[in-house]
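Q: Chain order of the listed sequences is A and L. Number 91 in the numbering used here belongs to position 91 of the first sequence; there are no gaps in the numbering. Number 141 in the numbering used here belongs to position 141 of the second sequence; there are no gaps in the numbering.
It should be emphasised that the hints constitute simulated quantities derived from the structure, not laboratory data. Backbone N, C-alpha and C fix where the C-beta goes; we use that ideal spot for every residue, glycine too. Take the hints with a grain of salt, since some may be wrong.
To list a few chain L residues with every Cβ distance to chain A over 12 Å, as calculated [stated by the list, open to error]:
no.: 1; residue: V52
no.: 2; residue: N118
no.: 3; residue: Y209
no.: 4; residue: G345
Sample of chain A residues at the chain L side, in silico, Cβ under 8 Å [to be verified]:
no.: 5; residue: M105
no.: 6; residue: V115
no.: 7; residue: L122
no.: 8; residue: F246
Each computed DSBU-like pair below joins lysine-lysine, with the alpha-carbon atoms no more than 30 Å apart [as the list claims (entries may be wrong)]:
no.: 9; chain 1: L; residue 1: K246; chain 2: L; residue 2: K131
no.: 10; chain 1: A; residue 1: K164; chain 2: L; residue 2: K131
no.: 11; chain 1: A; residue 1: K79; chain 2: A; residue 2: K268
no.: 12; chain 1: A; residue 1: K79; chain 2: L; residue 2: K131
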Amino acid sequence: MELDREMLLYLYRTMTTIRHFEERGIPETGQRGMSGSVHSSAGQEAVPTGICAHLTEADYIGSTHRGHGHCIAKGVDPKLMMAELFGRVTGPNKGKGGSMHIADMSKGMLGTNGVVAASVPLAVGAGLTSKLQNLGRVAVAFFGDGGANQGVLHECMNLASVWKLPVIFCCENNGYAESTPVEYALSTARVVDRAPGYDMPGIHVDGMDVFDVFEAAGEAVRRARSGEGPSLLECRTYRYYGHTVFDNPLSYRTQEEQDYWRGRDPLKLFRERVADGGQVTQDELDRLDDEARELMEDAIRFADESPLPEPLEIYDDVYVDYPIGMMSRGINLEV
Amino acid sequence: MTTAMTPTTSRELRYREAINEALRQEMERDETVIIMGEEIAGGAGREHLGIVDAWGGPFRTTVGLIQQFGNQRVLDTPLSEAAFVGTAIGAASTGMRAVAELMFVDFVGVCMDQLLNNAAKMRYMFGGQVKVPFTMLTRIGAGFGSAAQHSESFYSIFSHIPGLKGVVPSDPYTAKGLLIAAIRDDDPVVYFEHKGLYGDTGPVPEEPYAIPLGKARTVRSGSDITLVGISRMTWVCTEAAEELAKNGVNAEVVDLLSVSPIDYDLIIDSVRRTHRLVVVDEDTPVCSLASDICARVAEEAFDYLDAPPSRVTAPHTPVPYSRPLENLYVPNAARVVGTVERLVGR
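Construct the entire structure; sequences and hints are all you get.
A: Dropping the structure here:
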């Protein structure tokens, strides 16, 4: 697949930004006492990058608990994301959501989501809106190999197929649902083996290779946008770290396996693929790494300098319109 | 019964017809309003056989909508509550005003995650970035021999969840006005239809009107005790009040109408005058609306009370099938009268 120089730089910049966000932002969040439920997507960068390269801000995505990469690939500002992780009011969610709920409606980002596969129907609903209002938008529902076994996903694949909605179901199969290996939990060899049951194409790609993801996603997005209905994409990938920062993955997987996948690092693979292409140089890619590194330092500074929420903001945005007395009646938070 | 909200110009409609009219008028007013659910038209996809609107809804509350608005705005769904309730929430958060029908509230288990973790929390978790103008129609009420999985009145579960609103219309007038208000509201609202009220008739204005969410109404004035009714229990309260009047006990009856927000102020104002409270609730008693209202009154109006705030509810059991047992399950006027007589010392 021939990609122009601009697209090559875009793909690498997105992946290295995600990588640097995970590697730098997560430990910094932990140092500020908010590491609770932060999930690193390091290792999985090629998937959101290759898919969202086909989307505009008007398109929608629904994301997972491991969603920083989806946010960045969909155009959410990493500085604002860092502020959200630090619980600051300058975060897109005003510090009310944190890592597992980052949303930016202005970018078509319907939220990372703390319940496995729970964002899938939101993406399907966005696809329904697009279809009913003839907006020409598509929606991508991201989920993991754990989410592949959630009932709501299967109901949604059936519904989206019956209604021919412009939806791409994207499984990021990183091999583990928390500590449970996919080969234990999945009844079929691959998640895409289930696609025929919903009368939609199932495409299996190397989720460490952004070019492979990009090519398959292009066809799925084209199909959705032209009204031909949904597709299921399975991207085989790997998370470098545990389920959360508290998890030691070597309690359920081998060093040898980790080394194998690290050897197929998506940024490294990218560099190998473009080495002979001549359109971009390794020096240019080094500079993108440096820019991402600097961006994270700026983001951390921005987040640290941003204010924390005021106490009474606890009552804000529960509803559009609701008597505050119903939420606060008999409760004295100041005592 | 007297109420400031009683219309002056209207005609008689059944409760189910009032629901249908509210849906039709809102779909006419706003083309982003869509409705989806199981059998809401029925016989879906058989237009080529001349079949359209085979059922008109399981209780005929949606009859005629598909002919008027077409199958892109009146969407029969597969039996996939998690998918279509979640899809309606997703559509509502991206520009539609979506209504979904859950056939019976007992079925909420299969789609509760979408209500609890998406509809109720998205606006808060997202820092106010999104509105979710989503209405879920569902059904409550025992007394029809439908047993434990088609008869519950579990509105209290939804009252418990910040981010959701809920309404319990008790007659055709409130059925129409509260449904219009629910659809126009920018927050998720659960609308509880009582199966025992569908055939009831009452005056309903022809023009669209909205009854404010979160406001109860006084349907009978009295000075000796406040009876709070929820949905059909309002009419159990008025029946009891008439019985009590024969013994010289003058009961005030409040029709709750909204289960979130709850109009505590109207109830407390009433109790300050009557000094006694009984909440009549078809739901089970533990952690119920009845318990909540009694607790609130005890906290805020303790000095006005001449008797313990009390509850008449279903027993803490599933709904039984056999007729004599089901009759015992649903609160009735005799139980209300017995409770009141103990509280007033007669």
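Q: For every hint, state whether the structure bears it out.
A: Okay, the hints, checked on the actual structure:
no.: 1; hint: V52; verdict: holds (18 Å)
no.: 2; hint: N118; verdict: violated (6 Å)
no.: 3; hint: Y209; verdict: holds (18 Å)
no.: 4; hint: G345; verdict: holds (30 Å)
no.: 5; hint: M105; verdict: holds (5 Å)
no.: 6; hint: V115; verdict: holds (5 Å)
no.: 7; hint: L122; verdict: holds (4 Å)
no.: 8; hint: F246; verdict: violated (22 Å)
no.: 9; hint: L:K246 - L:K131; verdict: violated (51 Å)
no.: 10; hint: A:K164 - L:K131; verdict: holds (26 Å)
no.: 11; hint: A:K79 - A:K268; verdict: holds (25 Å)
no.: 12; hint: A:K79 - L:K131; verdict: holds (25 Å)
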